[in-house]
Amino acid sequence: MSSLVTSHRTRPPAQPATLRAKRLPRYAAPVIAVAALLVAAGVVYGLGIGGPVLVVVLGALLYLAGLFTAANAVEGRRAARNRTWSALIHSAFVLAVLPLASVVWTLVSKGAERLDGDFFGTSMNNIGARDANGGAYHAIIGTLEQVGIATLITVPLGVLCAIYIVEYGRGRFAFAIRFFVDVMTGIPSIVTGLFVLAFWVLIVSPWFNDGQPGFSGFAAALALSVLMLPTVVRSTEEMLRLVPAPLREGAYALGVPKWKTILRVVLPTALPGIVTGIMLAIARAAGETAPVLLVAGGGAAINFNPFENNQSSLALFVYQQAGEASKYSPARAWTAALTLVALVLVLTIAAKLLARRNRLGR
Amino acid sequence: MGETPHRSAHAGTGGTRVTSGHDWPAGASARFAETSGNPRTPTGNGLGGGGGLPRARAFGAERAFRGLTVAAGAAVLVIIAAIAVFLIAKAVPALQANTEDFWTFEGWFPNDNPPKFGIGALAFGTVLTALLALLVAVPVALGIALYLTHYAPRRIGTGLGFVIDLLAAVPSVVFGLWGRDYLVGPVTDLSTWLNRYFGWIPIFGDGPYGNSILLGSLVLAIMVLPIITSLSREVFLQTPTANEEAALALGATRWEMLRTAVLPYGRPGIIAAVMLGLGRALGETIALALTLGSTYAISFNVLTSGGNTIAANIANRFAEANDTGRGALIASGLVLFAITLIVNITARAIIYRRREFTESAA
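In order, the protein sequence lines correspond to chains A and B. Going by my numbering, the first residue of the first sequence is number 1, and it counts up by one from there. Going by my numbering, the first residue of the second sequence is number 363, and it counts up by one from there.
Treat the hints as calculated values from the structure; they're not laboratory data. Hints are all accurate, no fakes.
Here are the simulated lysine to any residue pairs, SDA-like style, with alpha carbons at most 25 Å apart:
| no. | chain 1 | residue 1 | chain 2 | residue 2 |
| --- | --- | --- | --- | --- |
| 1 | A | Lys352 | B | Leu528 |
| 2 | A | Lys258 | B | Arg425 |
| 3 | A | Lys110 | B | Thr550 |
| 4 | A | Lys352 | B | Gly521 |
| 5 | A | Lys260 | B | Ala426 |
| 6 | A | Lys258 | B | Ala437 |
| 7 | A | Lys22 | B | Ala611 |
| 8 | A | Lys352 | B | Gln600 |
| 9 | A | Lys352 | B | His512 |
| 10 | A | Lys327 | B | Ser656 |
| 11 | A | Lys352 | B | Thr520 |
| 12 | A | Lys327 | B | Pro548 |
| 13 | A | Lys352 | B | Gly519 |
| 14 | A | Lys327 | B | Asp543 |
| 15 | A | Lys327 | B | Gly572 |
| 16 | A | Lys258 | B | Gly429 |
| 17 | A | Lys260 | B | Ala437 |
| 18 | A | Lys22 | B | Trp617 |
| 19 | A | Lys352 | B | Ala530 |
| 20 | A | Lys260 | B | Phe427 |
| 21 | A | Lys327 | B | Val546 |
| 22 | A | Lys22 | B | Arg621 |
| 23 | A | Lys110 | B | Val525 |
| 24 | A | Lys260 | B | Arg428 |
| 25 | A | Lys258 | B | Glu424 |
| 26 | A | Lys258 | B | Arg428 |
| 27 | A | Lys260 | B | Ala423 |
| 28 | A | Lys258 | B | Ala433 |
| 29 | A | Lys260 | A | Val275 |
| 30 | A | Lys22 | B | Ala614 |
| 31 | A | Lys352 | B | Glu596 |
| 32 | A | Lys258 | B | Ala423 |
| 33 | A | Lys352 | B | Arg517 |
| 34 | A | Lys327 | B | Pro570 |
| 35 | A | Lys110 | B | Asp543 |
| 36 | A | Lys110 | B | Val546 |
Okay, the calculated bits of chain A under chain B, using three or more residues with CB under 8 Å as the criterion:
| no. | segment |
| --- | --- |
| 37 | 176-186 |
| 38 | 255-265 |
C-beta atoms are modelled at their ideal positions from N, C-alpha and C, and glycine is treated no differently.
Using the sequences and the accompanying hints, generate a full structural model.
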């Protein structure tokens, strides 16, 4: 602005002064802030209606009002609006960072308490309310097996489904599939848990379990794969759409059949993006508690066999320890939560880094 | 959700389709007709163009692969239908055994003889907590997204955006644990304060405070905050720079630029993000099972300990449920499924319709 004004020096000197919009001085905002806080403190402590938190809240509101009034008087209405919204957007950021930072801090500080070999090497078998030790070995095994099986089920199904939508699908049927994949993203995890409970645990599993409903890690894997499927389909679909058409056409021109083009040209090109989507889906599935709670049963002992008997998982372990009355269980819950978050974050970060190296870009 | 980059012109066009426009150059047909009679016959010695193409085999790899992808696509529809069918199949016997009105009875005694249970209070609590959570989370989330994309320095914006993406992946059980162990203190203080000075508003009722709808909604809000933020941030980033610069060049302030260029462009994406957040909030299980007080009454009183949601109720009551009890929980899950299905289908319909007009972000 100023350079613009100075470049017109040849004109009569009165012109620049009127062209330049009036602006609040730089010190105005801090001054208003301090004044607002002082007034708020005076009101709050004078009337005795609250503590420091209320002072900050009231001070922020007064600051917004004061800023608007001052800017309105000096700079005009539009600039005043701009300043107020800017302040609001900045405060939204601060407002949200506080609880999220608190979550992270609590997680790390409380979780470090039981971060020892015992925790990763033992199960909760024969651990009573008065025992300080005990660990999540069985839960970690459960999580890995369940998520692994769920991935094995979901990835072929999801990738093939996405191939259908992008490469073959035409008309209403393809549209319906796309639409319902979108809808499926919103199905609550507990509903998928109930579905597998009704379908697998209560109806199918009694056939080979002496008529008794059998909870198992495999049932949890089924529920998790229903949850993962829409994520995998959507991300694969997006990636396949990004594959440049000339690549396909080049393959067709060489006489390569369509299925071979898809498997040898399109999929490899889109592979990094597809893997990213799959890893994000795995990360989400690993953190799910509700379906595992309903269909895996959650045992205290180590069970390597996902097809028989109860299994636990890390997320379920956190929930169960949180509900237990022992004074040692909160520490176990927090450490398991920290382990779970670490697992999920490693997967997510790896996925994001892979996405960054993706040649197709977004 | 659903930032599908809109279809590039050729992506997904099939094999023969792509070339069919070119293999008959102007005047070619007449020439082919002279030299080789019928160039389309597979046995004929075609000179070029489509002449020598072999006929598609009835049971070749192409058909098999295509069939495989169709089956995978159909599996999505089958799964959605199966969810509804199996939930209904298990819910009906319990509903028939119910001696009270399923929609209005406020209580949950499905294990008694005769069984009595009603969904009214649970459905009410589900919708209330989800809406309260969105009321808190959406403005803040949009504020953060705008801050990260348009106010923060580029480096900070990218870095913090990455952190927010990571927070979106943190499992809900962690937020539940944090809410139950740490947020409950400040919320109790806030409840006491609100009740003392605003107790005349009916929603701020008397104690005991703590595990209230307020706590549940706040935990839920903090949980969906990163999800809505990261989705709407991506939407805001996709606004064409030309639109923003045009607004600024016309003399718009930064806020006016956001209001006239960024927000309208991103509206479908924002709606999608909010709806996805709503879906998450409606279906959230564990965070609410850990923070709510589990009562069965329809009450707008957000401060008093109590409140319940369909999903939290399933998690809390599943362990003790007998056969009818499971059926009752499955029936409640069916209601939750229906609610989320309606929300999702509405959201998708809005987005799909808007996409036709704007061909933009979502």
